[in-house]
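Chains A and B, in that order, are what the protein sequence lines are. Its first residue numbered 1, the first sequence is counted upward by one per residue in my numbering. Its first residue numbered 1001, the second sequence is counted upward by one per residue in my numbering.
Wrong hints could be hidden among the right ones.
Derived SDA-like pairs (lysine to any residue); straight-line CA-CA distance at most 20 Å [what the hints assert, rightly or not]:
1. K1040/B x Q3/A
2. K1040/B x S87/A
3. K1040/B x D69/A
Hints were generated in silico from the structure; no laboratory data involved.
Here are the chains, one letter per residue:
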Amino acid sequence: KNQVEQSPQSLIILEGKNCTLQCNYTVSPFSNLRWYKQDTGRGPVSLTIMTFSENTKSNGRYTATLDADTKQSSLHITASQLSDSASYICVVSASGGSYIPTFGRGTSLIVHP
Amino acid sequence: ETGVTQTPRHLVMGMTNKKSLKCEQHLGHNAMYWYKQSAKKPLELMFVYSLEERVENNSVPSRFSPECPNSSHLFLHLHTLQPEDSALYLCASSQGGSPRRDTQYFGPGTRLTVL
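Next comes chain B alone, as it looks inside the complex:
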């Protein structure tokens, strides 16, 4: 395994629900990331946290709200999602906070289905 865990692995929710995705890294890294992976589309970087501060918000709708309480944990809070938000949500971590320079280690992802 890569040292990055995600829970839950599968989630089905209605458009009016509120849920949270959790990510934990056991690698001692300083940066964490949220990605969205939709079928037939490239991975989309959503958020970057470096040393617990958000350094990138890639034009993500406000119905997605990240939280990074410490360098080992990352959450993605979801509310009033749309069916097109159904996708695989991947968490990653890296030693440094540069997604173009640092090797990222990915978790297994949470498969989200919005009904």
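Chain A on its own, in the form it takes in the complex:
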């Protein structure tokens, strides 16, 4: 069964600090992996997408990495800001079988001043 597990479930950090969110998946055969940011009261917004051949992708202060061998991804946030407070969702798609992506439960990040 395709699964996506995210850790930690929640995280509190101080403004200006860095943090790393983890995503482990069992989706196979692998097609792509996305990270979404969901602000409270809003829909998710795509941050990055990576395919099998990519092992890192940046979007401003957000850097995603992918290790397709260990089936792990991480999202690193540099110099956090208050506006980074949100839920971060990892989504993995398979290249065969069901074309419905597998969503993680998300990591809730709170950045304190």
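Guided by the hints, dock chain B onto chain A, whose structure is given.
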């Protein structure tokens, strides 16, 4: 904003009521989606419409009935819902009709409470 709007933003209904959720996309996309987001659970894809035809119905109970009159509008008709249907209902659109390949743009959602 993402170019996808949803109304109403909040809805409270009884189990015997009939209501509809509306979604409109202003991006010129060809595909639209309904998702359910419950607390502590992953997003669940409910329906996919590509070029106004339903291409996916992810084992959703018949008390949820989608309608896509054109590529810019999507409705979710609700009737005889259960309290466990209380959730955030998100609409999304994409250029193509593949949820695994195409970037989806989400609306802000409708927070539904069933009493």
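**Request:** Just pull the numbers of the violated hints for me, sorted ascending.
**Result:** Of the numbered hints, just 3 does not hold.
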